[in-house]
Amino acid sequence: MFGSDSFWITLLLRWCVVGATTLVASLLIGSLLALIMHGGRAPQVIASSLGRAFHDLVFLSTRRIGAIALLTFKEAYRRKAFAVGIVFLGIFMFGGWFLGDSTELRSVAPYISIVINSMWFMLVPMALLISCWGLPADVKERSIHTVVTKPVRRSEIVLGRMAGYGAVITLILFTTAVVGYFWVVRQVPQRLSDQLIARVPVYGNLKFLTAQGAEAEKGINVGDPWDYRSYIEGQTKARAIWKFPKINKAELKSLGKLPLEQRFEAFRTYKGQIDLETRFTITFVNPDKDLRVPGGTFPTREFDVGGRDRVIEIPEQITYRDSYEADAEEKTANLFDDLIADDGSLTIEVGCVEPQQYIGVNVRDLFIRMPDKSFTMNYVKAIAGLWLLVMLLVFLGTASSCFVKGPVATLLVSSLIIMGYFLGGHIAEQQNQMMLMDDGKTVIDAGGPMESLYRLVTKETTLPDNIGSTIIKGTDRGAFMVLIAVYNLVPDLNWFNTGELVATGFDISLMGVILPCLIVVLGYLIPLVILGYFSLQLRELEHK
Amino acid sequence: MSTESVIEIRNLSKVYRDFWGRTKVKALNSLSLDVYKGEIFGLLGPNGSGKTTTLKLLLGLLFPTSGEVRILGQPAHDVEKNERIGYLPEESYLYRFLNADETLDFYGRLFKMSRSELKQRKEELLDQVGVKHARKRQLKEYSKGMTRRIGLAQALINNPDLVLLDEPTSGLDPIGTRDMKDMILKLKSEGKTVVMCSHLLADVQDVCDRIAILYRGDLKVVGNVQDLIQSRDETQLLTSPLSPDAIRDVEETLKKHGASLKSTSHPTTTLEELFLRTVEESEQRPGRRFEPGERPTTESA
Ligand SMILES: Nc1ncnc2c1ncn2[C@@H]1O[C@H](COP(=O)(O)OP(=O)(O)OP(=O)(O)O)[C@@H](O)[C@H]1O
Ligand SMILES: [Mg+2]
Numbered sequence: 001m002f003g004s005d006s007f008w009i010t011l012l013l014r015w016c017v018v019g020a021t022t023l024v025a026s027l028l029i030g031s032l033l034a035l036i037m038h039g040g041r042a043p044q045v046i047a048s049s050l051g052r053a054f055h056d057l058v059f060l061s062t063r064r065i066g067a068i069a070l071l072t073f074k075e076a077y078r079r080k081a082f083a084v085g086i087v088f089l090g091i092f093m094f095g096g097w098f099l100g101d102s103t104e105l106r107s108v109a110p111y112i113s114i115v116i117n118s119m120w121f122m123l124v125p126m127a128l129l130i131s132c133w134g135l136p137a138d139v140k141e142r143s144i145h146t147v148v149t150k151p152v153r154r155s156e157i158v159l160g161r162m163a164g165y166g167a168v169i170t171l172i173l174f175t176t177a178v179v180g181y182f183w184v185v186r187q188v189p190q191r192l193s194d195q196l197i198a199r200v201p202v203y204g205n206l207k208f209l210t211a212q213g214a215e216a217e218k219g220i221n222v223g224d225p226w227d228y229r230s231y232i233e234g235q236t237k238a239r240a241i242w243k244f245p246k247i248n249k250a251e252l253k254s255l256g257k258l259p260l261e262q263r264f265e266a267f268r269t270y271k272g273q274i275d276l277e278t279r280f281t282i283t284f285v286n287p288d289k290d291l292r293v294p295g296g297t298f299p300t301r302e303f304d305v306g307g308r309d310r311v312i313e314i315p316e317q318i319t320y321r322d323s324y325e326a327d328a329e330e331k332t333a334n335l336f337d338d339l340i341a342d343d344g345s346l347t348i349e350v351g352c353v354e355p356q357q358y359i360g361v362n363v364r365d366l367f368i369r370m371p372d373k374s375f376t377m378n379y380v381k382a383i384a385g386l387w388l389l390v391m392l393l394v395f396l397g398t399a400s401s402c403f404v405k406g407p408v409a410t411l412l413v414s415s416l417i418i419m420g421y422f423l424g425g426h427i428a429e430q431q432n433q434m435m436l437m438d439d440g441k442t443v444i445d446a447g448g449p450m451e452s453l454y455r456l457v458t459k460e461t462t463l464p465d466n467i468g469s470t471i472i473k474g475t476d477r478g479a480f481m482v483l484i485a486v487y488n489l490v491p492d493l494n495w496f497n498t499g500e501l502v503a504t505g506f507d508i509s510l511m512g513v514i515l516p517c518l519i520v521v522l523g524y525l526i527p528l529v530i531l532g533y534f535s536l537q538l539r540e541l542e543h544k
Numbered sequence: 545m546s547t548e549s550v551i552e553i554r555n556l557s558k559v560y561r562d563f564w565g566r567t568k569v570k571a572l573n574s575l576s577l578d579v580y581k582g583e584i585f586g587l588l589g590p591n592g593s594g595k596t597t598t599l600k601l602l603l604g605l606l607f608p609t610s611g612e613v614r615i616l617g618q619p620a621h622d623v624e625k626n627e628r629i630g631y632l633p634e635e636s637y638l639y640r641f642l643n644a645d646e647t648l649d650f651y652g653r654l655f656k657m658s659r660s661e662l663k664q665r666k667e668e669l670l671d672q673v674g675v676k677h678a679r680k681r682q683l684k685e686y687s688k689g690m691t692r693r694i695g696l697a698q699a700l701i702n703n704p705d706l707v708l709l710d711e712p713t714s715g716l717d718p719i720g721t722r723d724m725k726d727m728i729l730k731l732k733s734e735g736k737t738v739v740m741c742s743h744l745l746a747d748v749q750d751v752c753d754r755i756a757i758l759y760r761g762d763l764k765v766v767g768n769v770q771d772l773i774q775s776r777d778e779t780q781l782l783t784s785p786l787s788p789d790a791i792r793d794v795e796e797t798l799k800k801h802g803a804s805l806k807s808t809s810h811p812t813t814t815l816e817e818l819f820l821r822t823v824e825e826s827e828q829r830p831g832r833r834f835e836p837g838e839r840p841t842t843e844s845a
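Listed in order, the protein sequences are those of chains A and B.
Residue numbers are given in the numbering used here: position 237 of the first sequence equals residue 237, and the series is strictly consecutive.
Residue numbers are given in the numbering used here: position 52 of the second sequence equals residue 596, and the series is strictly consecutive.
You may find that some hints are simply not true.
Sample of chain B residues facing chain A (criterion: CB under 10 Å; computed from the structure) [said to hold, decoys possible]:
#	residue
1	G582
2	F641
3	D649
The set of hints was computed from the structure by calculation and includes no laboratory data.
No residue lacks a Cβ here, since even glycine has one placed at the ideal position from N, Cα and C.
Next up, chain A with everything else stripped away, as it sits in the complex (with noise of 0.2 Å):
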C-alpha cells in the first residue's frame, strides 16, 4: 500500500485539498470577523496582518527558538517532569510478575510488548500533559508579558515550545528505550531468544476458487464472527491463490530457495488424531508458459506459536510428476526461471488435503520470507514510530495550547486521539468514496439531517420541488462537508502502532511505515504551527 506510487500521490493530493480548504474556511472566517471589527478598512487590516503573518512564519531566527527550547526544557525539568522515567523503570524491575511463569511462555512477543505498552502508557499521557499546559500557565502568570515584548515571533514562541517539549519527551523516551532493550535482551529465557529476529515478509494479493471451481474473492465463513480468516474445503476444487506482483527474482535466486511461511489455520468438523495435523498442497502456476508444478504437501504446524516450524523452503530445482500415475514421468522446473511469469508475478495455489477438513486463510498468512534482519535495528524503529506518534501529538497539544486552556487542550488532544485510533482515515475514505460517487443527486439515501428532520415532521417520502428543498439539501451538503473535513483532520494513528510488528518479529520497513509516519507529522507539523501562530497573534495575552 504505502510502496505505490499512486499512494503518495493520492496522500500529497489529500493534504493539499484538506489544506487549501482549511485555509480558505479560515481565511472567509477571519475576513467576516475583519470586516465586523473594522468595517471599511478590513481590507487593509487583513493584508497587513497577512503580510505580517509572511514574513513571521518565513524568516525565523534558529537563535531566538533555540533560547525559547531551552526554556522550555528547563522548565520541564525543574519541574521535575523526569520523575515519570523513575515509574518506567519501576515497571522493568517488577515486569516479570505481570508476564507470570517463563518457563511457560512460548513467545518472546510479550517481553516486547510490555516495553513498547509501557512506554506508550508513560509518553502519551506525558506528551499531553506539557505541551497543553505549559503555554496557558505562561499565559495566566503573565511570563509571557515579558517575553512577546521582546523581539520573539510569535511563530518562534509555537516552534521553541513545540521543540522544547520533543527535546524533554525524546530524551525520555530514548533512555527509556535503551533500559526496555538490555531489558528484553536479558530477561527472554535462552530458549526463545531465537524469536529475537526481524521477518522480512513479502506479501501478495489473494484469490479464491470455490469448491465447484469458480473464481471468488472470498472462501467459506466456518461461522467465526471474526471473519479475519475466510476458508477451503479439503478434497474439493476450492483453493487460495496468492499472487506476487514483482517478485526480487536476483536476490531469491543468490538465495537459491524459495522460503515461504504460512499461519494457516485448521478447521475440522470432525475429531481426527489430534497430533496428526492436517495438511496442504502447494502449486506453482505459470500461466504464460502454461505450467503447473507441485511444491510439495505440508502440515500446518498450528500450535507452533515462534513460527520456527511454518517455514517451508522450495529448492530452486523442483522435480515433480505430472500425474499421479506411476509411470507418469518425472519432469524438473526451475522455480524462477521457468515459474516466475512474464510480468515478474509469482503465483502460488493452496489447496487442503484431508477431507472434510478445512484451511483458514487470510492474505497475510503467506508470504515470501526475505532473509532476515537485526532484532535491534527492529526495536530501533519500532521506538522511532512511537517517537514519531508523541512529536505528533506534542505539536497537537502545542498548537492547541495556543488557543485554548490547559485541560480543554488536553481534552481536545485526547479526543482526536482516541478518534485517530477508532476512525483514523478509515472514515475519511469511506466518506471520500461518497463523495465520489456522488453524481450530483443525494448522496445519502435518507437524506442529511435537515431532511431527515423535515421527513420526520411532515412525513413524507420525499422533497417536493421547490426553493425549500434546495435550501435543504444545501445545507445538508455542507453539514456532510463539514463532517468530512472534520474525519479528513484526524491523523490515522495507527500507522504508528509498529509495537505490534517487533514484538512478533516482523521488519518494520523503512519506507513502507517510518517513512509515511514522519511525512504525516511534517503534514502536520506545518498548519499546526501557522495555527498557534495565529491564536497567539490574534489573541491578547491576558488572563480571562
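Put chain B with the ligands on the given structure of chain A with help from the hints.
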C-alpha cells in the same frame, strides 16, 4: 530636549470585555499624548486609572478598542521595534525556575546581540542592580525587591533607546529606590527616553521632565513638571511656626492688599499637592480636563 516624538498616542480608548463581549471596564478614554525623545515622562494616577493599560497598549500586549499608537515610529504590533525597547512589567513577570544568570541569558538571546556582548552586558547589569551575589539562585527564592532588580536588569539587557517602567520602585528599599532614580537619570544622560508609572510622587518630581495624570481613564493633566507645580496665581509663604494671633494679623494684612488666605498648612511636596487636588477635583467635577500650566484649584483646606 527635542520635539521628536518617540511615542504618539491618538484618541486611544480601551474597553475590557468579558468572554461574551460585554463591557466590563472602560479603562481608557480617548487618550492623546506625545512623549519626546530624551525625556523622562511620568504617568501618574490613582490605582486603576489606566496607567498599566496604557503601557500594555503601547507594547501591543492589548489591542486598542479605538485610536492609534505609534512607538518609535512603528505601530504597536510591530515586533522589530522591540529590539530598541525595554519594558519592566508592573510585577516582575519572570520565570521563577531560572536563576538570575539564566534569566538574563534567556532574554538577551531574544535580541540581535553577540554572545560576548551579551556576556559583558550581563555582568554590568548584575553589578548595577546589585544581585551579583545571588546570580546562581533561582528566582523563586528571591525577595520582592531582588526580583524587581533582576526585572530591571532584564529590561535593560538590550541597551534600549526607550524604556517603559511600570512602578519601577515598588518593593525597593530606600537605597534601591535611590539607585533606581540614579539609573533613570543616567539613562536620560545617555539620550534614552524613559516612560514610568509611579506612585512615589517625590521620586517622580525628582526625575521626571514631564508628567501626565490619569483619572479613571481620562487624561486630567499633562505638562512640564516645573510649569505644573509652579503656580502663577498663588503665592506660598514659608515661615517659622506662627501663633493663631499672628495668623490673624497676616490675614488682615492680606485683606488690605486685596488677597485672601486660602489655607494654612505645613508645606507639602508640591507635586503631591497637585496630584491630590487633581484627584479630588476630578471626583467632584467629572469630565473636566486641565490645560497644561493651569492648576486645579480646590476650596478644601
Ligand atoms: N485584564 C483585565 N480585565 C478587565 N479589567 C481590567 C484588566 N486589567 C485592568 N483592568 C481594569 O482597567 C482599569 C485600569 O487598570 P490599570 O491596570 O491600567 O490601572 P493602573 O493605573 O495601572 O493601576 P495601579 O496603579 O493600581 O497599577 C481598572 O479599572 C482595572 O480594573
Ligand atoms: Mg498599574
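Verification of the supplied hints:
no. : hint : in the structure
1   : G582 : violated, 22 Å
2   : F641 : holds, 4 Å
3   : D649 : holds, 8 Å
Hint 1 from the list above is the single one not met by this structure.
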